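2 protein chains.
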Amino acid sequence: MAGKYAFGIDLGGTTVKEGLFNEKGEVLEKWEIPTRTEENGKNILPDIAKSLKDKIKEKKLDPSDILGIGIDVPGPVLDGGIVNNCVNLGWGVVNVPQELSGMLGGIKVEAVNDANAAALGEQWKGGGRGFKSMLMVTLGTGVGGGLIINGKIVNGSHGAGAEIGHMPVNPHEEETCGCGKKGCLEQYCSATGIVRIGRKRLEKTKKSTILVNNEELSAKTIFDAAKEGDEVAKEIVEEFGEILGRALANITAVTDPEAIVIGGGVSKAGDIVTDVVSRYYKPNAFHACRTCVIKLAELGNDAGMYGAVKMVL
Amino acid sequence: MAGKYAFGIDLGGTTVKEGLFNEKGEVLEKWEIPTRTEENGKNILPDIAKSLKDKIKEKKLDPSDILGIGIDVPGPVLDGGIVNNCVNLGWGVVNVPQELSGMLGGIKVEAVNDANAAALGEQWKGGGRGFKSMLMVTLGTGVGGGLIINGKIVNGSHGAGAEIGHMPVNPHEEETCGCGKKGCLEQYCSATGIVRIGRKRLEKTKKSTILVNNEELSAKTIFDAAKEGDEVAKEIVEEFGEILGRALANITAVTDPEAIVIGGGVSKAGDIVTDVVSRYYKPNAFHACRTCVIKLAELGNDAGMYGAVKMVL
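Protein chains in written order, with the numbering used here: chain A, 15 to 327; chain B, 15 to 327.
Chain A extracted, bound-state conformation (with noise of 0.2 Å):
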């Protein structure tokens, strides 16, 4: 094939998107590989590596014309690219540029936290297209975020950037948060989050309520309950919305961003997520943040491919 290529490449905790694409930043083919963690997860990389290179192989691809390969990790990125402990993977301190770079006869590469990716991906080609600075927040099993100040990714200086996840939302709460602190924004506002603030309700409410308090219940029977009307449901998601709506305020109020959007398994509940956000953000915003838009992510759980490619081209 004619032309410049680059790879992006998702690396989650049990699977490893792949896109191989354009100048343009257009995907031309995806695909997938399992991620093998066993035995701290040494066959990842070297994975990676052999399925690129069966790609260019395949595609007859000459390695001069490929641009750089860019790869977000579940993980804390230092600045140059150096992951630091990265738990789901089994890594500890892995300088992923170099090393893949080495297997794959020295093409360039990039390494971003994954969280941060689906900030550029979105800001590229979804829902943060046009805005310079924007916060993205994905609430899936946890909370996760991703910061951008006029372009540029914050990774913090310990790989920390927008762990927004773990901001201390509730001095009174008596559970302790997967991160061993207790009250974070993770334990009411992800999908666990909000099933278990659902649960604390159900326990409580005379109400009558079409929501059952057994396995099933999960954030998306909570916000489709919500729709229909339900009223414990309703406060369910009031109440998410509350804790998340001033939580943003908090953040904005110091990093002023023009965006806000919200992506992850969450946020597939539509307009309903970023109304009742929205709802309680403005009246606890600083004045000249009020105006920061709101809205929902666009590429869904292609977003951190779009964002790693971006890294290269």
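Don't read these hints as lab results, they were simulated from the structure.
Everything numeric in this text was worked out from a predicted model, so none of it was measured.
Any given hint could turn out to be false.
Copies of one chain are not kept apart here, so a pair can be met inside one copy or by any two copies together.
To be verified - Cut-off 27 Å, straight-line C-alpha distance, at most; resulting in silico cross-link-like pairs (DSSO-like, lysine-lysine):
1. 309 <-> 195
2. 67 <-> 122
3. 146 <-> 166
4. 195 <-> 71
5. 18 <-> 69
6. 241 <-> 214
7. 38 <-> 146
8. 196 <-> 248
Position chain B against the provided structure of chain A, taking the given hints into account.
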């Protein structure tokens, strides 16, 4: 005089502090002029221009040897130096670099928000030396902030970068902040905020205390009493420390700086301030951010002038 020079100007609501610096950033002379805010502050920039022209004449400086003029203002400054509604000066939108440069034969002028200037000054010559990313917290009549990430000030999309005084920290507050919201950080942690929470505690307490709830109650008398072991004063200091420590843990989970430098009038109380804030910061901070250094500012009232001149050196 031979060599290259620059002026640093700290434009406050009542006084303009001006300094002549050599190219190494050493201050050669400091002086002040009054800030004339009448008639929408129309005299402010001409007064500054005249003062600088007089100094240039007095010192027999060659205008071509003047590297530039850095000026800080007590209001939001957009990227490019345009001041966006500076209430304390009576100003609407003012292009300070263009106007002041025009009055001074084209000498380069850079404008910066005063809290951001203090941050730059402390990073350059004060408590923030050696840190590429830092947060400056100014505890004065209000609570101000300046955020530097990788050496660059975060002005924010609406000039509201690091407006940390208006982070919403208490959803249960009944009194209104100067900004119109309720429960802002500065209602508890500014000099006036500390007195406010002090008065509330003095009204309710049954403990004996050397503090008297009269006109003379101030942040200083409270910290002084706490240092002498007064139980009620210590409780007030703990309340202050808990609120500020938790707010800082929220900020570092988003911006992950290397250091937090605390300045402003309240910081003159000394180590008692950083000690109590650190004690509440650490358990609330995300684990990767717990090593963030919390220390006192060193430049006092000169921080803004140093930061301003740094813009042109």
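Status of each hint after checking the structure:
no. : hint        : result
1   : 309 <-> 195 : between (30 Å within a copy, 24 Å between copies)
2   : 67 <-> 122  : within (14 Å within a copy, 54 Å between copies)
3   : 146 <-> 166 : both (9 Å within a copy, 16 Å between copies)
4   : 195 <-> 71  : neither (49 Å within a copy, 62 Å between copies)
5   : 18 <-> 69   : within (15 Å within a copy, 59 Å between copies)
6   : 241 <-> 214 : within (20 Å within a copy, 44 Å between copies)
7   : 38 <-> 146  : within (20 Å within a copy, 34 Å between copies)
8   : 196 <-> 248 : both (25 Å within a copy, 25 Å between copies)
Consistency note: the structure conflicts with earlier hint 4 alone.
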